[in-house]
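*Asks:* Now for the letters of each chain:
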Amino acid sequence: MTSSCLISPAAHWPGPRHLIHAGVLALTLLLSLAVAPASAGELSKETTACLKCHDKEGLDKTLESGEKLSLRISTQAYADSMHAETSCEDCHSEIDTKTHGKVKSEVKSKRDFSHSMRESCRDCHQKKFKEYDDSVHAAVIKQGSRKAPMCADCHDPHTVRSWKIPAPIAATPCAKCHQDIFKAYAGDVHGLERIAKGKGAPLCADCHKAHDVKAASMGDGIKDACLSCHKDAVKEHKDWLPKTDLHFDAISCPVCHAPDAQRRVNLRLYEGVGASTRPMKEKTGIPKFEKRAHAADAKDVGLDERALWSLLKEFNQDGGEGKAVLRGRLEVKSGVEAHQLAEKSKAIKDCKFCHQSGAEPFQSVTLTIAGPDGRPLRHGVQKEVLNSLLSIESIRGFYVIGSTRIKLLDTLLIMVLLGSIAGPLAHMAVKRLFKKFREQRAAEIRAAILAANSPSPPPDAPLPGDHSQRDGNPR
Amino acid sequence: MQKLYIHPLAVRIWHWINAIGFLVLIATGVQIRYVGEIDLMSFKSAVVIHSWCGFVLTANFFVWLLFYLFSDKIKVYHPELSPTKYFRATFRQMQFYGYGIFRGDPNPHHVSVYRKFNPMQSNMYQIIMMLLVPIQFFTGILLWDVARFESLVEMFGGLRVVDTVHMLIFIFFSGFIIVHIYLASLGHTPTAHFKAMITGYEEVEDEAEEGGAAISSDTHAA
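Those sequence lines, one after another, are chains A and B.
So the first sequence is numbered by our numbering: it starts at 39 and just counts up by one.
So the second sequence is numbered by our numbering: it starts at 12 and just counts up by one.
Think of the hints as simulated: they come from the structure by calculation, not from any bench.
Among the hints, a few may not be true.
[Unchecked claim] Straight-line distance between alpha carbons at most 30 Å, and here's what the computed DSBU-like set of lysine-lysine pairs gives:
| hint | chain 1 | residue 1 | chain 2 | residue 2 |
| --- | --- | --- | --- | --- |
| 1 | B | K96 | A | K276 |
| 2 | A | K269 | B | K84 |
| 3 | A | K180 | A | K387 |
| 4 | B | K14 | B | K84 |
| 5 | A | K387 | B | K55 |
| 6 | B | K55 | A | K371 |
| 7 | B | K14 | A | K469 |
| 8 | A | K390 | B | K55 |
| 9 | B | K96 | B | K84 |
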């Protein structure tokens, strides 16, 4: 209701009683505006006209696909939405008011309709649209996906509210496609706090970004998201964790903070030299990675050290901008496990968990390259690769004390120690065996010396054991 | 028997710090590498002790280096430049340890102030002190902080190469220490060389006593 409808023009002096009535009315109006800033009354004339027909129960359209597209727009919901001040024709500019509702327009499916309407969002939301265009969702759509979300899948244009208004986590649009992950999130330390407090703890977009969303399994930037809230995390870890920076670089947060998760070593392909090294990406239309990985691992049992070496060699022969190298990182096996974060007190702090032979995180190894759409392409690697001397070059940058040690060196150590003990023992034994012989010989020498010192020594008799003469080494 | 001052104080201090340090490095190194299989101390303590001990021994190496650089005793490390003499002397020393010692032959090497090493020791200590020890300390420092020395680690072939070199030299020293102790017991008495490394004085046979040198070890041992 607007003031123009409520306040009648004064035909004559109203008197004090009427003045009080008018004041109360004006105050009520002001208060109602303050409480509900967007009301149906604020909609434009054109919008109101549209909603006159469209705010009717059961108004829908059967599409070519057989789907029913609801054409009902709730006036109240629209007025409460962020788009209340946007006129219908701002988005539906293709509608000709003269023929609308009289001539049947053909729409193939809901998906096609969303697709056709997508560009209208760009007109106002250029920055967000640009971010979205760079997202994994947009990339997957370009690849032909009919499931990846477009604007309207997450933001119903007729009911969209400000993100600042806390909504129940079940209303999070991501949950529609990522049910498993969302279920795990709802039960983890962040989800439980969000449910309990309604805000504070992060929801999907706080870590993964709403529009510029990347494949989280590639691990790019997620740690920064954690640190943006847990600002003291680095300092707190430095208090007890040696080489904190190194651990932070090589281990994803859930590896320790989701104690029940399954972990793995992710060997990711990079290319370049020195500081310009960057993740390698499979080029669109040239699927080298999968082809080569399958050729190197014909039995599909996982790449062994030789296969991994030859695969790297093949990538190097492509003549890219630099050498193909592998960088290793510890991570959890799936997105579900990445969302099983426990309370801080339950996080893994025992060095032995990783730094011992046969440690759980090193029982699974995968080779990864970023696919054309940014999502990971993976191929299994045999875990023995981590302990092989032949991997000294191929996984040159990934070494974890204890757990990825080269087995051959252990064998060498044992052999050298045994040899170093056995050698002296054998020498001592032989020396002992010859003890009597030496004593006998010493007696002969002493006798010879005595004889030599006696008044009539035998002329030119050689002394036994006189080495100065025998080896020509005068002393 | 005459006493010769063979081991100067600086060398003796260096030697015993080195000896204790190497044992600590080997023990902590084994603990670091074989955590879970050996349980002498916590992994974290082993890493901390190993790092500190490594720094102490690196500094100690420079004590040794500076002493010899500014002392005429450096002659003990001078290599034999004549290949004929070098191979003949080495062969003779090997022959002694592998054969003559059992028969009771005297040691072909005669210790003197400027010739304290026999030919085998001389070769070995040149390699150890000028090659293996510096490489071991260098690789140890790189491994101590691989993030800080990332470019150097890369230059030397990557983390696995650096670690493998460190491990290979560790394996060598583990074996060397055992053999070193045994060979040190082969003086004219089993403890003669150990005592000499404490007092500085080696007991050397007089020329007149030389004929009886062969039996001295057995006699004293008995």
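*Asks:* Are any of the numbered hints broken by this structure? If so, which, sorted upward?
*Replies:* 1, 2, 3
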